[in-house]
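Asker: Protein chains in written order, with our numbering: chain E, 1 to 82; chain L, 1001 to 1404.
Simulated from the structure, these hints should not be mistaken for lab results.
To give an idea of the chain L side of the interface with chain E (calculated C-beta under 10 Å), a few residues:
no., residue
1, R1247
2, V1251
3, Y1254
4, G1269
To be clear about the criterion: a stretch of chain E counts as covered by chain L if any three or more of its residues have a C-beta under 8 Å from a C-beta of chain L, and this derived list gives those stretches:
no., segment
5, 32-46
6, 53-59
One-sided and incomplete, this derived list gives chain E residues near chain L with beta-carbon spacing under 10 Å:
no., residue
7, D29
8, R50
9, R63
10, G68
C-beta atoms are modelled at their ideal positions from N, C-alpha and C, and glycine is treated no differently.
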Amino acid sequence: MRAITLAFAVVGAVLLAGCTRSPEARAEDARMKLASWQATRRLLDEQRARGDLPEQYVRQVMRAVEEGRAQALANLRAASAP
Amino acid sequence: MRRYLEVALGIFTSIGGFLEVGAIATAAQAGAGFGFRLGWVLVLGTVCVIFLVEMSGRLSAVSKHTLQDAMRERFGAGFFLVTTIPGLIVDWLVLAAEIGGVALALQLVTGIGYQWWAFPVAIGSWLFLWKGNLRLVEDGVALLGLVALAFVVAAVRLHPPVHAVVAGLLPSLPPAEGTTYWFLAVSILGALISPYLFFFYSSGAIEGQWDENHIGSNRFTAIVGMSFGAVLAFGVMLAAAMVFHPRGIQVERYEQVALMLVEPLGRPGLYLFAAALAVTCFGATLEVALGRAYVFAQGFGWNYTLNSLPTNSARFSLVYTVMIGSAAVLIALGVDPLALTVFSMALTAVTLPLVTLPFIVLMNDPAYVGEYRNGWIGNAAVVGISLLASLIALVAIPLQLMGG
Chain E
1 MRAITLAFAV
11 VGAVLLAGCT
21 RSPEARAEDA
31 RMKLASWQAT
41 RRLLDEQRAR
51 GDLPEQYVRQ
61 VMRAVEEGRA
71 QALANLRAAS
81 AP
Chain L
1001 MRRYLEVALG
1011 IFTSIGGFLE
1021 VGAIATAAQA
1031 GAGFGFRLGW
1041 VLVLGTVCVI
1051 FLVEMSGRLS
1061 AVSKHTLQDA
1071 MRERFGAGFF
1081 LVTTIPGLIV
1091 DWLVLAAEIG
1101 GVALALQLVT
1111 GIGYQWWAFP
1121 VAIGSWLFLW
1131 KGNLRLVEDG
1141 VALLGLVALA
1151 FVVAAVRLHP
1161 PVHAVVAGLL
1171 PSLPPAEGTT
1181 YWFLAVSILG
1191 ALISPYLFFF
1201 YSSGAIEGQW
1211 DENHIGSNRF
1221 TAIVGMSFGA
1231 VLAFGVMLAA
1241 AMVFHPRGIQ
1251 VERYEQVALM
1261 LVEPLGRPGL
1271 YLFAAALAVT
1281 CFGATLEVAL
1291 GRAYVFAQGF
1301 GWNYTLNSLP
1311 TNSARFSLVY
1321 TVMIGSAAVL
1331 IALGVDPLAL
1341 TVFSMALTAV
1351 TLPLVTLPFI
1361 VLMNDPAYVG
1371 EYRNGWIGNA
1381 AVVGISLLAS
1391 LIALVAIPLQ
1401 LMGG
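Excised from the complex, chain E in its bound form:
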């Protein structure tokens, strides 16, 4: 029983140790998210210009875009910090 518990602990530790992401990967992820939010904003503007969106929904998406961009920028700064 102790051997099985130990085996599970070792496998778990190895898996978790492998889960740490490098700063480069985190920065790349943040850049992709930033680009994604900019693309969301462009799509929103296109659909809004066509008159397809009610203003209260536009406000919700704009808020989501602002919050998402701010989070992505914060992540980018954190990943780039020495």
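Start from chain E and add chain L according to the hints.
Answerer: Same frame as chain E, now just chain L:
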């Protein structure tokens, strides 16, 4: 007419258990991130669900036991507790995510924050169960759930390239971002192969007084009902692949997702998305709450039925009341429904083997299924599904930690 009513159980199970907040989120994320490449995971998940739903119904029709009841009787009270406690936690989180899905749909059309809708949604769901019966729950949601066909209409109107869609149905390795690809694959399977779906379906079969004469219609119901859900989920993935993927948009918030229906359908697309999200999540709310109430009632030997006054099944009614009320608190406190969905899907994946492994024993035990035991195809499928579930359980959390 009887066939229609039985298929309604399958369609309702499919709307609430197959296409719900988790499936919509993961299918949209998959389409946005990888185009059509994860289509094969939807096919794989659908095949798994069809097999397990058919077995749940067959077990109940022949043995007159629900799945949970048979598991407790065959494997003992200790096993019941071991499976019930993690299942309760996972179901509670899934229930909160589903209530959050309905609340978000209401936010999209009213502009009022989803937190404010948590309790009205919970009260509406509870009233539906308290005042309604199983027939109303099944037929009502199955009928309303047809609004989710908007995803399929949107996908068709976006004219996806047929060869790329077909190519996506074949398993492929990720082009890059392997962690995200595999995490989404695991999340899609976690969202589709939901344990509460099997508990609910088998309880519905008992409530519907199925017997051996229902074996054929059960198979038909499992295939048609689950395939219906799969087509809807595939519609979500295709729409996201056509609208979001070429623009490099990742799905981070539910507010974004409606844009993929607005593109092909115009302004009605927003309202259709909100209606589809609300109905499917409402169906799932009822199904998860009922599924857990059935599990408790069957495990502890309480009265349970949705087809008589709640006072006749007081403890059964108390379980779904407490489940819905407490889960709504989580959403009212402002927990992000999408984050909650992703987290609960990963946890669902971890607990999958606890539900799939017992099928191997139960579906081969003559004491339960008599001459209707699994053939070699059924056994190969359930062993394969259990191996897949074990693999998923092992990698789900590490993949999430790795930034999936």
